[in-house]
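Number of protein chains: 2
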Amino acid sequence: MSMRHRPALAQHRGRSCHLVMDAIKGKGEQGMQNPGGQVDRPVGPHFLESMLPKVVKRRVHALKRLQVQCANIEAKFYEEVHELERKYAALYQPLFDKRRDFVTGTVEPTEEECEWHSEREEEEELAEEVKEKAAIEDAKKEEAVPREDPKGIPEFWLTIFRSVDMLSDMLQEHDEPILKHLKDIQVKFSEPGQPMSFTLEFHFESNGYFNNAVLTKVYKMKSEPDASEPFSFEGPEIIDCEGCLIDWHKGKDVTVKTIKKKQKHKGRGTVRTVTKQVPNDSFFNFFNPVKGEQHTEMNDEDSEFTLAQDFEIGHFFRERIVPRAVLYFTGEALEDDESFDEEELEEGDEEVCQHKHHR
Amino acid sequence: MSMRHRPALAQHRGRSCHLVMDAIKGKGEQGMQNPGGQVDRPVGPHFLESMLPKVVKRRVHALKRLQVQCANIEAKFYEEVHELERKYAALYQPLFDKRRDFVTGTVEPTEEECEWHSEREEEEELAEEVKEKAAIEDAKKEEAVPREDPKGIPEFWLTIFRSVDMLSDMLQEHDEPILKHLKDIQVKFSEPGQPMSFTLEFHFESNGYFNNAVLTKVYKMKSEPDASEPFSFEGPEIIDCEGCLIDWHKGKDVTVKTIKKKQKHKGRGTVRTVTKQVPNDSFFNFFNPVKGEQHTEMNDEDSEFTLAQDFEIGHFFRERIVPRAVLYFTGEALEDDESFDEEELEEGDEEVCQHKHHR
Numbered sequence: 001m002s003m004r005h006r007p008a009l010a011q012h013r014g015r016s017c018h019l020v021m022d023a024i025k026g027k028g029e030q031g032m033q034n035p036g037g038q039v040d041r042p043v044g045p046h047f048l049e050s051m052l053p054k055v056v057k058r059r060v061h062a063l064k065r066l067q068v069q070c071a072n073i074e075a076k077f078y079e080e081v082h083e084l085e086r087k088y089a090a091l092y093q094p095l096f097d098k099r100r101d102f103v104t105g106t107v108e109p110t111e112e113e114c115e116w117h118s119e120r121e122e123e124e125e126l127a128e129e130v131k132e133k134a135a136i137e138d139a140k141k142e143e144a145v146p147r148e149d150p151k152g153i154p155e156f157w158l159t160i161f162r163s164v165d166m167l168s169d170m171l172q173e174h175d176e177p178i179l180k181h182l183k184d185i186q187v188k189f190s191e192p193g194q195p196m197s198f199t200l201e202f203h204f205e206s207n208g209y210f211n212n213a214v215l216t217k218v219y220k221m222k223s224e225p226d227a228s229e230p231f232s233f234e235g236p237e238i239i240d241c242e243g244c245l246i247d248w249h250k251g252k253d254v255t256v257k258t259i260k261k262k263q264k265h266k267g268r269g270t271v272r273t274v275t276k277q278v279p280n281d282s283f284f285n286f287f288n289p290v291k292g293e294q295h296t297e298m299n300d301e302d303s304e305f306t307l308a309q310d311f312e313i314g315h316f317f318r319e320r321i322v323p324r325a326v327l328y329f330t331g332e333a334l335e336d337d338e339s340f341d342e343e344e345l346e347e348g349d350e351e352v353c354q355h356k357h358h359r
Numbered sequence: 001m002s003m004r005h006r007p008a009l010a011q012h013r014g015r016s017c018h019l020v021m022d023a024i025k026g027k028g029e030q031g032m033q034n035p036g037g038q039v040d041r042p043v044g045p046h047f048l049e050s051m052l053p054k055v056v057k058r059r060v061h062a063l064k065r066l067q068v069q070c071a072n073i074e075a076k077f078y079e080e081v082h083e084l085e086r087k088y089a090a091l092y093q094p095l096f097d098k099r100r101d102f103v104t105g106t107v108e109p110t111e112e113e114c115e116w117h118s119e120r121e122e123e124e125e126l127a128e129e130v131k132e133k134a135a136i137e138d139a140k141k142e143e144a145v146p147r148e149d150p151k152g153i154p155e156f157w158l159t160i161f162r163s164v165d166m167l168s169d170m171l172q173e174h175d176e177p178i179l180k181h182l183k184d185i186q187v188k189f190s191e192p193g194q195p196m197s198f199t200l201e202f203h204f205e206s207n208g209y210f211n212n213a214v215l216t217k218v219y220k221m222k223s224e225p226d227a228s229e230p231f232s233f234e235g236p237e238i239i240d241c242e243g244c245l246i247d248w249h250k251g252k253d254v255t256v257k258t259i260k261k262k263q264k265h266k267g268r269g270t271v272r273t274v275t276k277q278v279p280n281d282s283f284f285n286f287f288n289p290v291k292g293e294q295h296t297e298m299n300d301e302d303s304e305f306t307l308a309q310d311f312e313i314g315h316f317f318r319e320r321i322v323p324r325a326v327l328y329f330t331g332e333a334l335e336d337d338e339s340f341d342e343e344e345l346e347e348g349d350e351e352v353c354q355h356k357h358h359r
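Protein chains in written order, with full-length UniProt numbering: chain A, 1 to 359; chain B, 1 to 359.
If you're looking for bench data, these hints aren't it; they were derived computationally from the structure.
Mixed in with the good hints there might be a few duds.
[To be verified] The calculated label-pair distances, taken between Cβ atoms and stated as ranges, are:
id, chain 1, residue 1, chain 2, residue 2, range
1, B, Leu91, A, Arg86, 18 to 26 Å
2, B, Glu115, A, Pro289, 39 to 47 Å
3, B, Glu115, A, Glu191, 36 to 44 Å
4, A, Pro279, B, Asp97, 52 to 60 Å
5, A, Ala90, B, Lys54, 33 to 41 Å
6, A, Lys87, B, Glu229, 25 to 33 Å
7, A, Glu191, B, Ala89, 26 to 34 Å
8, B, Gln93, A, Val55, 23 to 31 Å
9, A, Pro279, B, Lys54, 38 to 46 Å
10, B, Lys54, A, Lys76, 50 to 58 Å
11, B, Asp97, A, His181, 55 to 63 Å
12, A, Glu229, B, Arg86, 26 to 34 Å
Each residue gets a CB set at the ideal place from its N, CA and C atoms; glycine is no exception.
Take the sequences, apply the hints, and build the full model.
Shown next, in the form of structure tokens:
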């Protein structure tokens with residue numbers, strides 16, 4: 001099992017010591033409970049610190065100053081990791097370009113490039129089972145569309161959008177014909193010396209919906225410790241995002257819908273019907289807001305939820321979907337995520353439901 | 001909020017597609033349920049792949065070959081990250097050495113080195129509240145032990161062991177007097193060219209329990225994709241560990257206890273009492289097994305649990321405790337872990353309990 005992932009570890013943090021603090025701070029009933037049964041432990045954290053003899057407290061403060069220096073060094077470490085990521089992005093790019101060419105059908109892979117042996121026995125067994133069915137299906141298809149082979153891998157990205165819950169939650173029926181024109185998704189990292197960020201580029205073939213060849217979403221990151229809270233630094237984090245303006249063809253904007261509304265004239269009492277444009281559910285809302293930092297206008301709690309979701313989706317595109325798209329297309333990555341998830345959370349399904357994306 | 005952490009994302013993996021597979025593979029009732037309400041989705045992953053027209057399947061195989069190449073590049077990336085970690089370990093070391101010297105009292109920090117302003121208002125309020133109490137306590141202490149200032153920061157590491165659940169679960173009463181002699185914990189990374197590993201070094205001052213000045217635990221890592229499962233590669237993972245032999249003073253080994261057992265003579269029927277040494281709960285079992293890969297002898301399920309726990313503890317020492325020890329001493333890191341945990345898991349307390357360490 002992989003032990004690289006911190007959150008699993010965070011599950012084992014010391015709760016007992018906090019009960020003391022919670023009780024002092026009046027944080028509610030929790031402080032009165034005793035889930036760990038650890039009453040007889042020495043006093044809690046800050047409390048303990050306050051109770052230390054002055055000479056010792058002095059030394060603890062010295063350690064804290066060292067800790068701030070550590071956080072500053074750590075920030076430099078993460079900058080170098082970002083540089084490494086830029087360096088490796090360039091190494092992956094030729095492979096991703098090939099992927100795009102195979103997906104769009106611009107280039108046909110050679111025999112050698114297609115050689116593939118399924119190592120997993122169960123896969124092979126399954127393959128046996130469905131081979132017959134598939135053969136029949138193939139025959140049917142070839143009958144139905146004779147001599148017209150599909151170009152590249154049809155609906156490659158759309159299939160991924162359908163398969164990954166985080167994305168399918170955003171996907172609407174009217175988005176699907178548009179996403180059939182999605183050719184590629186790329187991640188671009190900010191240049192050295194620039195504020196740290198990454199950009200998701202959605203490349204489209206020319207289509208009947210909008211004029212843009214590329215839709216972009218920029219995620220801005222913060223990569224240094226906060227002066228007021230240096231110890232909370234855990235590496236770069238997404239702090240803001242910025243979408244782009246979609247140049248929709250007339251009447252093709254799926255992010256708005258026209259509703260009819262009856263209006264009563266105050267004086268005369270006559271009723272007339274007016275049409276009004278209102279926001280519509282769509283994946284393409286992902287490119288809103290066009291400018292970052294507009295979200296403060298929204299309901300506070302609501303906007304925080306949406307932003308957290310948005311950052312998570314951006315991160316997921318960058319870390320998972322783009323680097324291993326084919327595995328989301330075939331479903332292999334979904335299996336990995338699932339078994340991984342089970343390992344981390346065990347009976348955590350309720351959590352998953354709570355985190356679902358509602359728009 | 002930080003979006004660096006994958007497991008949070010994994011919560012959003014596509015479950016719907018798996019239901020098809022689960023049903024096919026006969027994985028139980030789950031396949032019959034429909035939690036996502038997504039019946040009308042296109043067919044599931046491998047299944048989908050099998051149903052593709054041959055020409056398309058060929059191209060998907062080409063993408064898979066590209067994906068294997070990506071995994072190999074990724075392995076090189078993680079090797080470079082390991083190198084970066086080695087480089088930064090050297091930059092942190094002078095600060096950690098200072099920490100050790102302040103903790104043990106070998107060096108007294110200067111006035112400048114101790115300057116510390118508490119930025120958080122609530123902390124200051126709290127400080128006011130307890131200042132009086134503390135003053136009284138201080139007075140009492142000075143009365144009780146007049147003219148004898150404590151050396152360094154007494155019980156620094158022991159306090160951390162007591163505060164962090166993952167460690168306190170292992171901690172026994174008889175371990176505490178021994179851990180009072182723990183001077184420092186260091187992490188050492190494997191040299192370049194060597195198989196990837198890290199070593200935890202527990203440095204002790206001379207004590208009445210064992211002769212070792214340093215107890216070590218090596219964690220061996222695997223940093224390249226598995227040939228049979230290249231897509232499951234997610235970066236280096238701990239694959240094995242190796243403790244060390246503790247040279248206990250006679251009768252001081254807390255990892256064994258002597259029990260008395262009544263033995264009945266088969267023929268004569270007389271009863272005699274024999275003494276027998278049996279394993280005893282102790283943190284110092286952490287240095288067992290002395291040699292790696294002995295665990296196969298154990299009960300399979302049980303040993304896997306213990307190993308997973310052990311790897312997690314090793315990782316936690318490396319990633320959290322050693323780099324930010326003072327914050328675990330004061331409790332600040334516990335708060336961070338907790339709020340972090342709440343963000344990730346929300347009502348996940350039950351999970352935490354399930355993951356607890358039982359020996």
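| message | Let me make sure I understand: some of the numbered hints might not hold for this structure. Which ones are they, in numerical order? | response | Checked against the structure, no hint fails, so every one of them is satisfied.
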